Amino acid sequence: MISDKLKNIILKELNLEDFDFTEEMTANQVPGWDSLNHMNIIMSVENEFNFKFKALEILKIRNIGDLQKVIDVKLSEN
Amino acid sequence: MNLTIDWDKFINLFLYNPRDPILFGSSYFLFFFLTVLAALYLFRNNHRLKVYSIIFFSVFFYYKAAGWFVFLLLGVAIVNFIFGRIIHEALKTRSKNFLLIVAIILNLASLVYFKYSNFFIQIVNDISSSSITPLNIVLPIGISFFTFRALSYVIEIYYEFITPMKRFEEFLMFIFFFPTVLMGPIDRASTFLPQIENGFKFKKETLGIAVFLLSTGLIKKFVVADYINLNFTSRVFEFPNRFTGTENLLAVYSNALQSYCDFSGYTDMALGIGLLLGFQLTENFRRPFKANSVADYWRRWHLSLSNWLLDFVFKPINVRFRRLRKTGLFIAITVTFFCVGLWHGPNWTFVLFGLLHSFYLIVSMLTQSSRDKIYKKMGIKKNRLFRFVQIVFTFHLLIFTALLFKANSVGDAYKILNQIFTFFKPEVFPQFIEAYPTIFGLILFGYIIHFLPDSWEVKTKELMSKQSTLTLSLILTIVIWLVVQVKSAGMQPFIYFKF
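So the protein sequences, as listed, match chains H and V.
The numbering of the first sequence is our numbering, which starts it at 4 and goes up by one.
The numbering of the second sequence is our numbering, which starts it at 101 and goes up by one.
These are computed hints drawn from the structure, not numbers from a lab.
Because the structure is a prediction, the values reported are computed rather than measured.
A portion of the hints provided could be inaccurate.
In silico negatives: residues of chain H with every beta carbon more than 12 angstroms from chain V [said to hold, decoys possible]:
1. Glu27
2. Asn31
3. Phe56
Label pairs and their in silico Cβ distance ranges [to be verified]:
4. V/Leu485 <-> H/Leu14: 28 to 34 angstroms
5. H/Leu14 <-> V/Pro553: 30 to 36 angstroms
6. V/Asn218 <-> H/Pro34: 33 to 39 angstroms
7. V/Ile178 <-> H/Glu80: 35 to 41 angstroms
Just so it is clear, CB atoms sit at the ideal spot from N, CA and C, and this is done for glycine as well.
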């Protein structure tokens, strides 16, 4: 499930008021989620959750569900 | 009647001839493909024999076009199959990284050697005034396509998107697969390999779509692209100074249409053939000239290449330089489009083509927020007329940049522009239409079809899907008859063969 914290980060970075995210959803299905905003979201997640992604962890993300999973793994490691 | 068989001629039909590959749309291909279908039907209940049949016919297909380079392709398959396995089995990330880098270097080394050696020698000669003799290298046809296909396998294993293939022959089939080996689409291992493992079977309900794709492919390639190229575009591009600016401008329009019809025609046929063999191949085109920005164009033109580069070149660089924000993004764009240019060939025209596209994208991104504000203030952001203006502007930017694709040198492209801007002579236009009504008609026909609403294509496909096999056979026969009527005496090789 997509956490509220992640949802709010994405909404803030994409300047959206609200959006119904699903785990299978990919970047091109969300308005404004382009390459630049993708990196902004990644960095915002790093700042908010206080960890750093490895490059490979980011490259393996294929949808929002993957992003949530990698956040959960990083949090459980800390 | 004295019927004698010319055995030399007959044997030559099965031997490598660089000038005579088995081209989609030729009568040879039709015979070849019917034999493939017969073999698949015969072995319909034996998966392994089906795989072996496709490998057998694909090896023959590639041998006919590239001779003993079949062994290079075999080498590519063996190397990537082994690396796929050892990358997967490596326990440490460091070992995986190292193995992936070695696999990439090996793949690119063969590509660079065959495709770019003489380009580098030329650069060295130019900058150091030395005179190294160019190497006598024959380019293995399709190398840029099959190298990228093979690389997707090891990279996707590294990313853990797929696990290694258990059977080598199934991987061999992926590398040699005749509908895509020479000119793509560059299918990803992750989308193609599961189709082999799931037993690829022709589905009757896809027959209508397959016939639609074969028909559009044949018409695009043989009725539109070849005809306007032979009878008009090539002539102007060869000697631009012999023609007025009006004719040069028309050649710019016809060149863009011809490039699209040639390549997307091939792709349509590949997709149709794929469906008849039981495969859903990767989509390559979505009406590229309908793009309302250059970024949009790259979501519509040669998608299997642009998505490959997006995932495996652009994203890693963008991630690496993410802290530089926009600068990091611009570095990633420039490197990616430099690769796009160079991928097309060892020529400065292609490098310039790639760099121009990266320049357009960077300028577009830098000005996006201020443009958005202006559009909002003027209330035109969602205006249909404004969108039309954007499409027209993007289209002209693209077709003038595409000059670099056809021209032999940057100087030749300049000559065409120079004729347009200094020797336009608009009064030639009515004379042109009068003298070449077929060419003008075909250019107009090609663009009108291209700009029709997408929903029309969807509806046509739906309609085709509902037709009986008899009606579909009749449609395909009529299309083939039409193609035979207009086909030029000698078949023209596909433009993308040289890449």
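Cβ separation of V/Asn218 and H/Pro34, checked against the hinted range 33 to 39 angstroms: Roughly 47 angstroms apart at Cβ, these two residues miss the hinted range, so it is violated.
Check the non-interface label on H/Glu27: least C-beta distance to chain V beyond 12 angstroms or not. holds, 15 angstroms
Verdict for V/Leu485, H/Leu14 (Cβ pair) under range 28 to 34 angstroms: holds, 32 angstroms
Please confirm whether H/Asn31 is truly not at the interface, meaning its C-beta sits more than 12 angstroms away from all C-beta atoms of chain V. violated, 8 angstroms
Are H/Leu14 and V/Pro553 spaced within 30 to 36 angstroms by their CB atoms? holds, 34 angstroms
Just checking, H/Phe56 versus chain V, shortest CB gap more than 12 angstroms? Per Cβ check, H/Phe56 is inside 12 angstroms of chain V; nearest 8 angstroms; violated.
For the pair V/Ile178 and H/Glu80, does the Cβ-Cβ distance stay inside 35 to 41 angstroms? For V/Ile178 and H/Glu80 the Cβ distance comes to about 39 angstroms; the hint holds.
Hints 2, 3, 6, counting from the list given before, are not met by this structure.
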